[in-house]
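Colleague: Modelling step: build the complete structure from the supplied sequences, incorporating the hints.
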Amino acid sequence: MGKAERTRRFIIEKSAVLFNKKGYAGTSLSDMTGATGLTKGSIYGNFENKDEVALEAFDYNFEKFRSGIREMMKSEKGSLQKLMCYPRYYEEKLEEIVENGGCPILNTGIEADDTHEALHQKASEAISNWKKSIVSIIDIGKFKGEIQSNIDSSAAAELIISLIEGGLFLSKVSGQASYLRNSLDRIKLLILTELAP
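In my numbering, the protein residues as written are 119 to 315.
Keep in mind that the hints were calculated from the coordinates and are not lab data.
Here are the simulated BS3-like cross-link-like pairs (lysine-lysine), alpha carbons at most 30 Å apart as the crow flies: (1) K192 x K262; (2) K249 x K290; (3) K168 x K211; (4) K290 x K182; (5) K168 x K139; (6) K195 x K250; (7) K168 x K140.
This structure is a prediction, so every number in the text was calculated from the model and none was measured.
Modeller: Here is the structure:
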């Protein structure tokens, strides 16, 4: 990795938390220079504009989540165990997620819904990819006899995502982790009693 690429990566990493906490509209160039310690010229020497930084910061935040889940799943063999990584991940990472501003999909999706088409598209694609990942695990589980064959994979995936995102949102707004914990408990129940054969 060359110096220019390292600098870009550094700007993205430092700006990712900013965009997730303050949103696109709330993050200024001054915020980015403060977080990175770089000049405006250095930032705009590496990125065309704020949009480019914001889009790459979203990708960085989402990939951090995906790689964390994938890492947990590596040691799990069965489909049900892989699905249980979702509630486990959020239980273990809740403090870190809150400290970094909450869920980037939720934050970006809500803020950019009617205001920033490219960011809204990123959030929409992230949800779609997340759903595909869960559907794939469920479908493999059905094929192997680890999950009930009559389960609607798409509906189950949407329910898991909705419970996580809804729980995160309510916990963040209220400051009460119980919303997310109750949602995660419901996901565990779904996996162990409704999906299990």
